[in-house]
Each structure stands twice: as C-alpha cells, then as structure tokens.
Amino acid sequence: MDDSSSFDVVAAEPLDDIMQKIAEHKGCGTSSDGGKASCGSSDGPDDMAPEIWEKVKNHPCYSEEAHHHYARMHVAVAPACNIQCNYCNRKYDCANESRPGVVSEKLTPEQASKKVLAVASTIPQMTVLGIAGPGDPLANPAKTFKTFELISQTAPDIKLCLSTNGLALPDHVDTIAKYNVDHVTITINMVDPEVGAQIYPWIFWNHKRVEGIEAARILTERQMKGLEMLTERGILCKVNSVMIPGINDKHLVEVNKAVKSRGAFLHNIMPLISAPEHGTVFGLNGQRGPSAQELKALQDACEGEMNMMRHCRQCRADAVGLLGEDRSAEFTTDKIMEMEVSYDLESRQAYQNAVEQERLAKVAAKKAEMETLAQEDASDLKILVAVATKGSGRINEHFGHANEFQVYELSSSEGAKFVGHRRVDLYCQGGYGEEDALETVIRAINDCTAVFVAKIGHCPKDTLSAAGIEPIDQYAYEFIEQSAIAYFKDYLARVKSGEIVHVARGDADIRQGAFIEA
Amino acid sequence: MAYKIIASQCTSCSACEAECPNVAISEKNGTFVINPKKCTECIGHFDIPQCVAVCPVDNTCVIDNSFPRYQAPGGAA
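Read top to bottom, the protein sequences are chains A and B.
Using full-length UniProt numbering, the first residue of the first sequence is number 1, and each one after it goes up by one.
Using full-length UniProt numbering, the first residue of the second sequence is number 1, and each one after it goes up by one.
Please keep in mind that the hints were generated in silico from the structure rather than gathered at the bench.
The structure presented is a predicted model; accordingly, all values stated were derived computationally and were not measured.
Any given hint could be a false lead.
Said to hold, decoys possible - Label pairs and their calculated CB-CB ranges:
hint	chain 1	residue 1	chain 2	residue 2	range
1	A	Glu-330	B	Asn-29	22 to 30 Å
2	A	Glu-277	B	Met-1	34 to 42 Å
3	A	Arg-233	B	Ser-12	28 to 36 Å
4	B	Glu-27	A	Asn-180	26 to 34 Å
Said to hold, decoys possible - For lysine-lysine, the following DSSO-like pairs were computed, each having C-alpha atoms within a straight-line distance of at most 27 Å:
hint	chain 1	residue 1	chain 2	residue 2
5	A	Lys-208	A	Lys-57
6	A	Lys-178	A	Lys-57
7	A	Lys-57	A	Lys-335
8	B	Lys-4	A	Lys-335
9	A	Lys-260	A	Lys-417
10	A	Lys-335	A	Lys-367
11	A	Lys-382	B	Lys-4
12	B	Lys-37	B	Lys-4
13	A	Lys-208	A	Lys-55
14	B	Lys-28	A	Lys-159
15	A	Lys-114	B	Lys-38
16	B	Lys-4	A	Lys-57
17	A	Lys-208	A	Lys-225
18	A	Lys-146	B	Lys-37
19	B	Lys-37	A	Lys-57
20	B	Lys-28	A	Lys-91
To be verified - Residues on chain B that point at chain A, a partial pick, calculated with CB under 8 Å:
hint	residue
21	Ser-14
22	Ala-24
23	Phe-46
Heads up, the beta-carbon is just placed ideally off N, CA and C, and yes, glycines get one too.
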C-alpha cells in the first residue's frame, strides 16, 4: 500500500473499498492507487448545458475535471494513414518509443474488443475507448467500425471516440453517428494552405499523391466540412493542434476562430514533439518545439474564444489508464487472450457513483476556500505553483517520486486554475537523489513560485529555495485547489506586509516525448 | 514485371493492401508482400501505382527487375 492509505479523509475510503472488493472478486491484485479522484477545475456542471455535461463528465480527454477520476484506453486497430505529416515518422516503432501515434502491437477488431473488456473489468473507472491510430481510423474504416460494433454489443456503457486527420471525415460522418460515436477529435494545424504546405508534404487523395499547397487546400476544406457535419449532428468535437514555432504558432489563433465558429467544443494546443532520434522531418531539420511560456501564452490568447484543453499528456496510441499513467504493459495481446473476462456492469457503476461523491466533496472544499479569498484585498498578482500528486485531487506525492507536476495559476479573480502539467524524469530512485535529475525538475517548473509536495528531503528543499522555488509540505494530503488558494492568500499578505518581495519567474522547459509510466 | 515491397523498410501499416486494385498485396511474416502474378503495375487502373503513392516510406514499393514489365492486354500502355 502506498501513501494514499494515510489519507485522513473519509471520502476517499469508499473508492478503496470498492477497488478492494473488485480485486477480491476477481481474485487478483490491483494497484493501490485506485482511489484517484478529482483535482477539479471550473469545467463543472455550472458552466455548460446539461446534455453536454452528461457527455463529458466522465471523459478524461474532454473534461479536465474528469481526467483525475476516469481512465481511457486506445486500441491500435487502424495502422494505415492517408496523409504524411512532417512531425511523424511511420518507420520508427519500438517498445521503448513513447511518442503519440506510436504503438507496439497492432490488434484485429476481435482482439481489440477482448482487450477493452479485459481492461474495463480490471479498471472500473475506464469509461472511454478511443481509436487514434497509429494511422488514421478513417483511412481504415472497416477495422475501425467493426471494433466499435463489437464493443457496443458487449460493453454498451463505454463511450466511443476517434481521432482523425479529417481528410476522409465527410465520407464517414453518417457511420460515426450510426455507431453512437459521440466524441471526435480532429487534428487541425492550419486553415491557410500556405502554412499547411510546410507541415504536410503530401496527401493520398482520389488515388493520387497530391503535394504542396494543393494538398493542404484539400485537407483544410475536408477538415472544415467534416467539423461542420459533425457539429450539425450534435457530435462533440475536440480540435487538436500541434504548435510549431515559426510555422503555425501565430496562425493557430486563426485556427481557433475557425473551429470555434464551426462549433468545436474544445481546443487542445499541444507542443511539437521533435528530436533528431525520432527521425521525423522536423526532428532532422532542427525544428524546435515551444517553451512552456510560449505554449501557455498561445493557450491564454485563445482561451477567450473557447474552452482550452491543458491537461493533454500526448499519450501513445495504445495507452491504457488515467491520463498521466500508462498501464498498457498489463494488457498485451498475449496476456489478454489468456484472461478470463466477465464484464461486471454493476461494480463498474458502483465505483463510478463513489467517484461522483468524491468529486462533489472536492468542489465544495474549493468553493469554501474561494469565498474566503474573495474577502481579501484583491490583487492583480498572478503566480504559478507546481503540485506533486498521484491523483485524488490531493497533494499526495513525494517530491522525489513525482514523474510529473501539475501546474496551477493562482489569482484573486480565478483562485486556483489548472494550466498544465510538466513531466520530469524520476528524481529519486531507491531513496537517494541524483543531482542531474534535480536540475531537470527545476528547469521544468522554473516558472513556478512554489512547489507543493507531500514530503521532501532537506537537500532538494535547499536547492529549490536557492532557485527561487518555495517548497511547501504543510498541506500534505490536502485537496490541491483548497490548499493553493490558502497559500495564495498567505502569499499576498506576505507581499503586502513587505515580508517577501514578489519576483516574476522565468520560462520553463517542456520535456520531449509522450507520457509513459517510468 | 511487377512491383515488390522492400521488407526491411515496410512499416506494416497496411495502407497498400486496401488500395491495390488487383488484390495482389497481403501480409506475410509481419510485413506486406506483392504477388507478382497479380500485379499489373496499376496499368489500366490508375495513372500511378497505388502502393507507391500511398506508402509512407519512400522507395519501399519498387519495380522488381526479376520479372519482365507488365504488358496490358492488347498491347496498350
């Protein structure tokens, strides 16, 4: 059992109980971090129409608030692609790879269906199945829709979603609607073909390879048409955009307006992942990705227009689990084919009901703290803080064990707002730290004023303080947002009294590579 | 003559299999292969060989010189 057992809060217990019962029922062990719950955001039921809330409330990719409670999985049934992107290299594929779009095992629709049942029976908070490649699901329509058909028959409570480049989308919208696929993600990196020509060397269209501006023109027309057709049918659309500095970074504001006006629900601007060893065109020609500050500035600029997704982990196309974790190694084809699977809708429902209770408790705690903040002297000051957490919406991870930090922006107007996450290499392995790794962590959260942890050693504490990042362990195991707002009140008071001077922080690094559990 | 797939470069993405008008392409030992007896180099079907056009790795679907060039029935092409 890990540190989550030391929670002194009642609300976390029912989840653990249910996980334990499920584990006993199945006669197998389960990881002890089943009690994951929310860290919350304003993406709650107050902000949206009830029918949309029903669709997104347990979708980890569509709701930031949900992504701490609910898990998703991707199945790699669709390897073929109909376009070429300069940030993708289809040649490179091995088990150690951890970029989006890369996968170790291809599955048949029948294998995929079995895998979904196996995962859903083991992880009751797994609510969403996505098909996201490594190719394009709609360039493999037979395999994609066969998979959806099999799963909708055996596991009707699981939400289906797919992620596409959009080229073939208009041809398949009616089929998407027929299989009740209610979430579609389209990757849209441009609406200007001249920009597109720098991103897409070619598309395969009407039995021909089309290149350059003409290819980008066809692609953007098809993407916009497909988006319009989906939103007309009430299918929720998320738009993913890859931010490529010098190519489409400024242009993505136009993309944001274009997709917003066509009814897209959420915009996810992701940093380019680009390294020479990936063998992509951008990796080889030295195209850099954005810094944390550049990414946040663009997300902030687009936020007034529509919901921005900031919790994307750019996961692998065969990822399994909560965002930020990857349990795919537990569910390889060999293992799932040997599993005896019984789909237990009832225990899944019981677990999910308990999750809903935990979410409500956390939202109430945040609201109460926010009301006390409103009474303080308002200030225009904004700071970022990093949080070491392994879920549950709590500060429950040791500094040295964190492989990512969640970043919150604190302000008088909005309280604590989730603005992203920073992945770091494991700083502490086997109980002793490594200096290089600590430097990596500091670079990753260098824009933060403080870091909230459950526990931290003296040495890293001193190094962090010297770097201007205040280590905070006094809120160990408390709710994140409630604690962050309390800290911010204290911070403002200390600035006001002259005890400390507010100093603007510098930029931070974005680590390359998709998230994979270390 | 026919096209062949250089196995060491094949990513096994399957894109060519669905595009081949002659159903000449199938998976074998983890990569895809072209049956030279069925391949017509897409002559009579399309302007360019479909496997070449759709393959994500350039120079992977190439002419197999161990076969004579395909002749369309009636001596066309």
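Right, here's what the structure says about each hint:
no.	hint	result
1	A:Glu-330 x B:Asn-29: 22 to 30 Å	holds, 28 Å
2	A:Glu-277 x B:Met-1: 34 to 42 Å	holds, 38 Å
3	A:Arg-233 x B:Ser-12: 28 to 36 Å	holds, 35 Å
4	B:Glu-27 x A:Asn-180: 26 to 34 Å	holds, 31 Å
5	A:Lys-208 x A:Lys-57	violated, 42 Å
6	A:Lys-178 x A:Lys-57	holds, 22 Å
7	A:Lys-57 x A:Lys-335	violated, 31 Å
8	B:Lys-4 x A:Lys-335	violated, 35 Å
9	A:Lys-260 x A:Lys-417	holds, 22 Å
10	A:Lys-335 x A:Lys-367	violated, 45 Å
11	A:Lys-382 x B:Lys-4	violated, 61 Å
12	B:Lys-37 x B:Lys-4	holds, 11 Å
13	A:Lys-208 x A:Lys-55	violated, 39 Å
14	B:Lys-28 x A:Lys-159	violated, 34 Å
15	A:Lys-114 x B:Lys-38	violated, 35 Å
16	B:Lys-4 x A:Lys-57	violated, 50 Å
17	A:Lys-208 x A:Lys-225	holds, 21 Å
18	A:Lys-146 x B:Lys-37	violated, 31 Å
19	B:Lys-37 x A:Lys-57	violated, 55 Å
20	B:Lys-28 x A:Lys-91	holds, 18 Å
21	Ser-14	holds, 5 Å
22	Ala-24	violated, 16 Å
23	Phe-46	holds, 5 Å
In summary, the numbered hints that this structure violates are 5, 7, 8, 10, 11, 13, 14, 15, 16, 18, 19, 22.
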